[in-house]
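Top line first, the protein sequences correspond to chains H and Y. Taking the numbering used here, the leading residue of the first sequence gets 1, the next gets one more, and so forth. Taking the numbering used here, the leading residue of the second sequence gets 1, the next gets one more, and so forth.
Honestly, the hints are just simulated from the structure, not real lab data. Errors might be hidden in some of the hints.
Unchecked claim - Heads up, incomplete: computed chain Y residues facing chain H, CB under 10 Å, no partners named:
no., residue
1, 26
2, 48
3, 72
4, 73
5, 118
6, 135
7, 159
8, 161
9, 163
10, 168
All C-beta atoms in this analysis are idealised placements derived from N, C-alpha and C, irrespective of residue type, glycine included.
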Amino acid sequence: MKITELIEKTGWKVLAGDPAASPDAEGVYCGDLLSWVMGNGEPGQVWITVQVHLNVVAVAMLREFSCLVIADGAEPAPQMLEKAADEGLTVLASDMPVYETAVMLREAGI
Amino acid sequence: MFYDLHMHSCLSPCAEDEMTPNNICGMALVKGLELIAVTDHNSVKQLPAVAKVAAGMGLKMLYGCELETAEEVHVLGLFAKLDDAMSMQDWIDSVMPAIPNDVDYFGKQEIMDENDRLTGTEPRLLLVSLEASLEETIDAIHSHGGRAVLAHVLDRVNSVTRQLGFIPPGLDYDGLEVKSLEQKSRVLETHSWITEDSTEWFIDSDAHRLGDISEPENYMRDSVFRKLWGDSL
Numbered sequence: 001m002k003i004t005e006l007i008e009k010t011g012w013k014v015l016a017g018d019p020a021a022s023p024d025a026e027g028v029y030c031g032d033l034l035s036w037v038m039g040n041g042e043p044g045q046v047w048i049t050v051q052v053h054l055n056v057v058a059v060a061m062l063r064e065f066s067c068l069v070i071a072d073g074a075e076p077a078p079q080m081l082e083k084a085a086d087e088g089l090t091v092l093a094s095d096m097p098v099y100e101t102a103v104m105l106r107e108a109g110i
Numbered sequence: 001m002f003y004d005l006h007m008h009s010c011l012s013p014c015a016e017d018e019m020t021p022n023n024i025c026g027m028a029l030v031k032g033l034e035l036i037a038v039t040d041h042n043s044v045k046q047l048p049a050v051a052k053v054a055a056g057m058g059l060k061m062l063y064g065c066e067l068e069t070a071e072e073v074h075v076l077g078l079f080a081k082l083d084d085a086m087s088m089q090d091w092i093d094s095v096m097p098a099i100p101n102d103v104d105y106f107g108k109q110e111i112m113d114e115n116d117r118l119t120g121t122e123p124r125l126l127l128v129s130l131e132a133s134l135e136e137t138i139d140a141i142h143s144h145g146g147r148a149v150l151a152h153v154l155d156r157v158n159s160v161t162r163q164l165g166f167i168p169p170g171l172d173y174d175g176l177e178v179k180s181l182e183q184k185s186r187v188l189e190t191h192s193w194i195t196e197d198s199t200e201w202f203i204d205s206d207a208h209r210l211g212d213i214s215e216p217e218n219y220m221r222d223s224v225f226r227k228l229w230g231d232s233l
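Please model the complete structure; the sequences and the hints are all you need to start from.
Given below as structure tokens:
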């Protein structure tokens, strides 16, 4: 699924990046322990997390995730969003908790 | 100097009751250590008593705490001056969620005097993550005159590598704590931006009971101490 289509369906806000240029979403990964995500995430997944440290961007690029969804209203620091923009990583914001956010992705067809 | 800069007193709920100021300092002396730091979770309230006991025994001491950041990374704040360390408590209070301690589940959080007499308890649970990022926590340690050491960096729990995947390049820490020289080699192998000389390295016990306090195996050169903490000893 295109990320632009995903945004239409969920109404999530774009915090950084260009959704039109993002890789298509294929699956979902949820996790906040970055060492774990580094070891288990797969390319093309939409990554849902409440972790907002700068390292999140590096992990997302390493795993070639489709885009990042910051869930539960967690607030990323400006440096993280700047880094994501520099790297071309799309960052979306969901006000819902992680579980509900994941359910929304399923209902959107991912 | 043989040192051990990471151990918990009976103020930390996870530490044994035997970790009183006199027992800690006495054991450190018996073991042949010359420099210690007591580093309770998110609190400096045991330090005045430990400082008096250590001074009475002729044991050198840094004044410490082990802070848990919003990312659940553990960072040691190590101060040369007791007053500087004590001034951290206001900052900790400003970012610590007030969750009551469940003594039966987590353990006691006891504050003692220099005679190991109970003078108070900490009612708020200390095993919590502060509402401050890793960077903000390091900044707070520095602005209060201390040095920041990333604790047990390769541990499976509450380490920077576990929580954040790797040690962030450009992070303004003063030292890295490992459990062995083998761990130090692994950190160097996996972090191209860290070199042997780019930071200071510490091997500490993280003792929660008396027997686990380090043997005199880890030596710090005076020049390293002076570089980080000045001529305070």
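For each hint, the structure was consulted:
{"no.": "1", "hint": "26", "verdict": "violated, 39 Å"}
{"no.": "2", "hint": "48", "verdict": "violated, 34 Å"}
{"no.": "3", "hint": "72", "verdict": "holds, 9 Å"}
{"no.": "4", "hint": "73", "verdict": "holds, 9 Å"}
{"no.": "5", "hint": "118", "verdict": "violated, 38 Å"}
{"no.": "6", "hint": "135", "verdict": "holds, 8 Å"}
{"no.": "7", "hint": "159", "verdict": "holds, 9 Å"}
{"no.": "8", "hint": "161", "verdict": "holds, 6 Å"}
{"no.": "9", "hint": "163", "verdict": "holds, 6 Å"}
{"no.": "10", "hint": "168", "verdict": "holds, 6 Å"}
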